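Asker: Each chain, written out:
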Amino acid sequence: MSALFSQNPLMNGPNYSFSDTPVSHPNEAHGELREHRFNPYTDNGGSTLAIAGADFAIVAGDTRLTSGYSIHTRYSPKVFKIGGTTADQKDATIVLSVVGFAADGTALRERLDAACKMYRYRHGKPMSVNAAAKRLSTMLYQKRFFPYYVYAILAGLDEEGKGAVYSYDPVGSYEREMCRAGGAAASLIMPFLDNQVNFKNQHIPGSGEGHAIQEREKKPLLREQVEILVKDAFDGAVERHIEVGDGLQMMVITSQGVEEHYLPLKKD
Amino acid sequence: MDHRPQNWGRPRDDIYGGYDVSYMAPNAEPNTHTQSPVVTGTSVVALKYKDGVIMAADNLASYGSLARFPSVQRLMPFADTSVLGFSGDVSDMQYISRHLTSLSIDEAYGVQDPLNAANLHRYLSKLLYSRRSKFDPLWNNILIAGFDSDDKPFLASADLLGTTYSSPSLASGYGSMLAQPIMRKYASTEEDAAKLTKEQAIKIVKECMKVLFYRDARSLDKYSLAVVTRKSGEEGGGGVQITQEKLEGMSWKFADRIKGYGTQTV
Numbered sequence: 001m002s003a004l005f006s007q008n009p010l011m012n013g014p015n016y017s018f019s020d021t022p023v024s025h026p027n028e029a030h031g032e033l034r035e036h037r038f039n040p041y042t043d044n045g046g047s048t049l050a051i052a053g054a055d056f057a058i059v060a061g062d063t064r065l066t067s068g069y070s071i072h073t074r075y076s077p078k079v080f081k082i083g084g085t086t087a088d089q090k091d092a093t094i095v096l097s098v099v100g101f102a103a104d105g106t107a108l109r110e111r112l113d114a115a116c117k118m119y120r121y122r123h124g125k126p127m128s129v130n131a132a133a134k135r136l137s138t139m140l141y142q143k144r145f146f147p148y149y150v151y152a153i154l155a156g157l158d159e160e161g162k163g164a165v166y167s168y169d170p171v172g173s174y175e176r177e178m179c180r181a182g183g184a185a186a187s188l189i190m191p192f193l194d195n196q197v198n199f200k201n202q203h204i205p206g207s208g209e210g211h212a213i214q215e216r217e218k219k220p221l222l223r224e225q226v227e228i229l230v231k232d233a234f235d236g237a238v239e240r241h242i243e244v245g246d247g248l249q250m251m252v253i254t255s256q257g258v259e260e261h262y263l264p265l266k267k268d
Numbered sequence: 001m002d003h004r005p006q007n008w009g010r011p012r013d014d015i016y017g018g019y020d021v022s023y024m025a026p027n028a029e030p031n032t033h034t035q036s037p038v039v040t041g042t043s044v045v046a047l048k049y050k051d052g053v054i055m056a057a058d059n060l061a062s063y064g065s066l067a068r069f070p071s072v073q074r075l076m077p078f079a080d081t082s083v084l085g086f087s088g089d090v091s092d093m094q095y096i097s098r099h100l101t102s103l104s105i106d107e108a109y110g111v112q113d114p115l116n117a118a119n120l121h122r123y124l125s126k127l128l129y130s131r132r133s134k135f136d137p138l139w140n141n142i143l144i145a146g147f148d149s150d151d152k153p154f155l156a157s158a159d160l161l162g163t164t165y166s167s168p169s170l171a172s173g174y175g176s177m178l179a180q181p182i183m184r185k186y187a188s189t190e191e192d193a194a195k196l197t198k199e200q201a202i203k204i205v206k207e208c209m210k211v212l213f214y215r216d217a218r219s220l221d222k223y224s225l226a227v228v229t230r231k232s233g234e235e236g237g238g239g240v241q242i243t244q245e246k247l248e249g250m251s252w253k254f255a256d257r258i259k260g261y262g263t264q265t266v
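One line per chain: the protein sequences are A and B, in this order. Just so we're aligned, residue 1 is where the first sequence starts under my numbering, counting upward by one. Just so we're aligned, residue 1 is where the second sequence starts under my numbering, counting upward by one.
Worth flagging that the hints you see were computed from the coordinates, not collected in a lab. Hints may be right or wrong, so weigh each one.
[Stated by the list, open to error] Per label pair, the in silico range of CB-to-CB distance: (1) A:A114 / B:E107: 42 to 50 angstroms; (2) B:M177 / A:R111: 54 to 62 angstroms; (3) A:A87 / B:T101: 35 to 43 angstroms; (4) B:I105 / A:K162: 51 to 59 angstroms; (5) A:I228 / B:T197: 40 to 48 angstroms; (6) B:Y261 / A:N201: 52 to 60 angstroms; (7) A:E175 / B:Q244: 53 to 61 angstroms; (8) A:E175 / B:R4: 53 to 61 angstroms; (9) A:I228 / B:T101: 52 to 60 angstroms; (10) A:R111 / B:T197: 53 to 61 angstroms; (11) A:G68 / B:T101: 39 to 47 angstroms; (12) B:R98 / A:S173: 39 to 47 angstroms; (13) A:K266 / B:G260: 24 to 32 angstroms; (14) B:Y261 / A:R111: 30 to 38 angstroms.
All values derive from a computational prediction rather than experimental measurement. Don't be surprised by glycine CBs; every beta carbon is placed ideally from N, CA and C.
Build out the structure end to end from the sequences listed, making use of the hints.
Answerer: In structure tokens:
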């Protein structure tokens, strides 16, 4: 280092050895961080849920937006169509749900939508779900050190026409799953889904004892069954979590397109 | 002799004085941003009705618990089509207000339709979100009232974090705890709000301002009341009308019976 030292302050900074370098703030010299009072995040509550079927996928979320004990509004959707040709998303085939910090959720949704629209413009075809899923992961990871504070779930139909659900953590780790719950009531809904969608802890009656017990065979659920599961899951979450309620927004993705449903939930 | 090669050949300190570090480090102090608000405005309340929106905010700018500036209008008209209501830092409010005035002048030269309340809300939420992402927030919660692109009454909020939401009635600060339940009693859904007449809506908002003055220690009995209507539909031109109001018909008789606070010993 000293061999390369030019004595030019513009290239090497002020001519001091490291231990003598003056510091602008006394605390920073001792490795202490400056305290900032501004917190750029808040938790806006709410919960989301997605289930994949054999030829469809359902994404649902409640519509309450909270901050602390206050309900800001009873209708603020968390589930969005992504990557349609126009702003009304009429021909969209991918659905994104975001829960956590609402402002980051909006920003992330708009960025992914723009990316999907650019893809359509450049390639002349809509983006596949697995391509969009990878792109979303990259977007989240790009902000690794100032993350989007959101739990995202992306859903659509894969290239074989099967339902696909991708779930994310705030820094972009993702995997494809049959079902996932996100947000405030994720810990309430996920065990229910494990049991009812993936048939965890379900066994064939009378199949034996101990190691001889046989698990119930896993197969994708029918759309009617899934819709009932979603409603039940949210009715349960509303009962036990104060940040969940008001309305249930449900997007059903099939080969015919995306259907949107709205159902009231308890407003207390 | 100084053994450190970094100092070899430098003018001797005992003759020329020590090297002036500030010369090479012009930003000796780190950039400072608004880390907390200083002069603040309290709640803003707003309610949609049949053909417009009512908004109200008192005229007080507080310095902590000191009622510092008692005649600051916190409602700002925009392009005679929309109204903004600011709570939070007053200097940031004045900055945004200046910025929007120049924006509306620039826009007035254009050939497009003037910015409506929905456009304005989108613009402000992007501004607030980008500033929070720079860790240099504009410390406000802003309510925006007017009409959307379909010419329907529009009411939405944008706060210092960039969080946005819309509802038939909105209130910031203490208003979200004290006024919002009153307004939701009359207009819990968009359909209910669309049935309210202007007179009913004004009455509800005035009631909310009274409750806030009774219970919010940082409030004032003098407030601004804005009525936003369509420019065409209303007799007398419509658009934005802001009037100055004073709370009336209050009763503080109950104060006699409150005991046990402060220096009171009985």
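Asker: Against the structure, test the hints numbered earlier, and report the numbers of the ones violated in rising order.
Answerer: Going through the list in order, the structure violates hints 1, 2, 3, 10, 11, 13, 14 and respects the others.
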